[in-house]
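Protein chains: 2
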Amino acid sequence: MNYLTYLPVWDKLDKIQQNKLLSSAVVRSIHKGKMLHNGSADCTGLILVLSGQLRTFATSEDGREITLYRLFERDICLFSASCIMNSIQFDITVTAEKDTEFLLIPSDIYKEIMEISAPLANYTSEIMASRFSDVMWLVEQVMWKSFDKRLADFLLNEANIEGTNTLKITHEAIGNHLGNPREVVTRMLKYFTNEGLVSLSRGTIEIKNKDGLAKITMR
Amino acid sequence: MNYLTYLPVWDKLDKIQQNKLLSSAVVRSIHKGKMLHNGSADCTGLILVLSGQLRTFATSEDGREITLYRLFERDICLFSASCIMNSIQFDITVTAEKDTEFLLIPSDIYKEIMEISAPLANYTSEIMASRFSDVMWLVEQVMWKSFDKRLADFLLNEANIEGTNTLKITHEAIGNHLGNPREVVTRMLKYFTNEGLVSLSRGTIEIKNKDGLAKITMR
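Residue numbers (our numbering), protein chains in the order written: chain L, 231 to 449; chain V, 231 to 449.
One or more of the hints may lead you astray.
Put simply, identical chains are the same to the list, so a pair is met inside one copy or across any two.
Claimed, not checked - In silico DSBU-like cross-links for lysine-lysine, where the CA-CA straight-line distance does not exceed 30 Å:
{"no.": "1", "residue 1": "440", "residue 2": "245"}
{"no.": "2", "residue 1": "379", "residue 2": "341"}
{"no.": "3", "residue 1": "445", "residue 2": "379"}
{"no.": "4", "residue 1": "328", "residue 2": "420"}
{"no.": "5", "residue 1": "341", "residue 2": "245"}
{"no.": "6", "residue 1": "445", "residue 2": "398"}
{"no.": "7", "residue 1": "341", "residue 2": "250"}
{"no.": "8", "residue 1": "242", "residue 2": "341"}
{"no.": "9", "residue 1": "242", "residue 2": "379"}
Calculated from the structure, these hints are not laboratory results.
Model the full assembly from the supplied sequences, consistent with the hints where possible.
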């Protein structure tokens, strides 16, 4: 199976370019919870997700985190290969949220082809624009949405991704996702409990009233 | 004068591409305070600043603003031509902070050339990566820097841009830049006044102690 055909522009590359990618890309796997790319580390390479789920986040100097976006099957992580572009002046960290298999494309090979292939260069722009849109959404969330909306949004999104109303996640982990202290998360979850929207037990949040949460996100 | 040579990749375009740009780009000017591009409006086109200063910002549903980045001479605004890429799923507004002259490049012409020219496609990626880096910096500011640091940072940056320690700017305008209510700005400026860092008069903020402000940004 040639996973490189997952690239929508694969057919627009010439034989030499295709062969360069084929001979350099490697399939790798990583266990849930492990770190795949560390912001300040070297250029890991482009990551093309084959199965599983990755989380990318930014980290503050004192260790706080905020989730930027998630990567699912066929998604590409560009910023783990930030050396392909001079103007990428920020660091992200990538960890596996589930056991994940991925194709790793060496940065130098990708860069070499991108520099002469308009289709690959434009595809790269589109990926970046898409991630940029995710982060702009986040800016709006952080700047302008009150925390109850953001937490309700997060819980509904999690339930959707996991396909269950029983979420196994700690308050601290949610805080890391949303860039808020654990205490703020716990307090709002207790408020949601009192409203009959969720119920809490150790390490688990059970969603009791999806419509109610959805109403909060639309306030 | 062919302002299109401001594009670093001008020499890498062929004659046909150069002529298409030459025959379609037009010089325009706009007065200080006027709006050049309105987020939800149509695709204005690529803006190449010739002189003056533009401000780009995002707006919340209830009218609050946050400055994303400024554009100076030779800077390009890509997101005023968001129709060149499918994945740009957010809106920005662009206004003139000073009387500004700019070259307006029609979106469809730029897109047409970008699709076949690897140099122009890669240049476009670099611009986007650079703006992305600006916004990631902003996310860190908003998420993790306390407001005193952000305000001190803003005042020093303004003084630097304007080349004067006497800033003619209202508290409301600063609030719009930083995404905070006017009251928060006024309160912190009074704190700075008490610390001997600035002095206030109607419509003016005078910086009295640059080193002191710089110390706050490094707290």
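* What label fits residue 341 with residue 250 when the C-alpha limit is 30 Å: within, between, both, or neither? -> Close inside one copy (12 Å) and across copies (28 Å); limit 30 Å.
task = Using 30 Å as the alpha carbon limit, work out where residue 242 and residue 341 are close: within a copy, between copies, both or neither.
result = Both. Shortest intra-copy (16 Å) and inter-copy (18 Å) distances satisfy the 30 Å Cα cut-off.
Using 30 Å as the alpha carbon limit, work out where residue 445 and residue 379 are close: within a copy, between copies, both or neither. within (9 Å within a copy, 36 Å between copies)
### Query
Between copies, within a copy, both or neither: which fits residue 341 and residue 245 at Cα up to 30 Å?
both (17 Å within a copy, 26 Å between copies)
When Cα atoms must be at most 30 Å apart, do residue 379 and residue 341 count as within-copy, between-copy, both, or neither?
Answer is neither: 41 Å inside a copy and 38 Å across each miss the 30 Å cutoff.
Using 30 Å as the alpha-carbon threshold, which applies to residue 440 and residue 245: within, between, both, or neither? Result: close neither inside a copy nor across copies, 51 Å intra and 59 Å inter.
query = Between the shortest in-copy and the shortest cross-copy C-alpha distance, which are at most 30 Å for residue 445 and residue 398: within, between, both, or neither?
reply = Within one copy only: 23 Å inside, 44 Å across.
Report task. Up to 30 Å between alpha-carbons, please classify residue 242 paired with residue 379: within, between, both or neither. Result -> neither (43 Å within a copy, 49 Å between copies)
Regarding residue 328 and residue 420, is the shortest C-alpha distance of 30 Å or less found within a copy, between copies, in both, or in neither? within (28 Å within a copy, 50 Å between copies)
Against the hints set out earlier in the document, violations occur for numbers 1, 2, 9.
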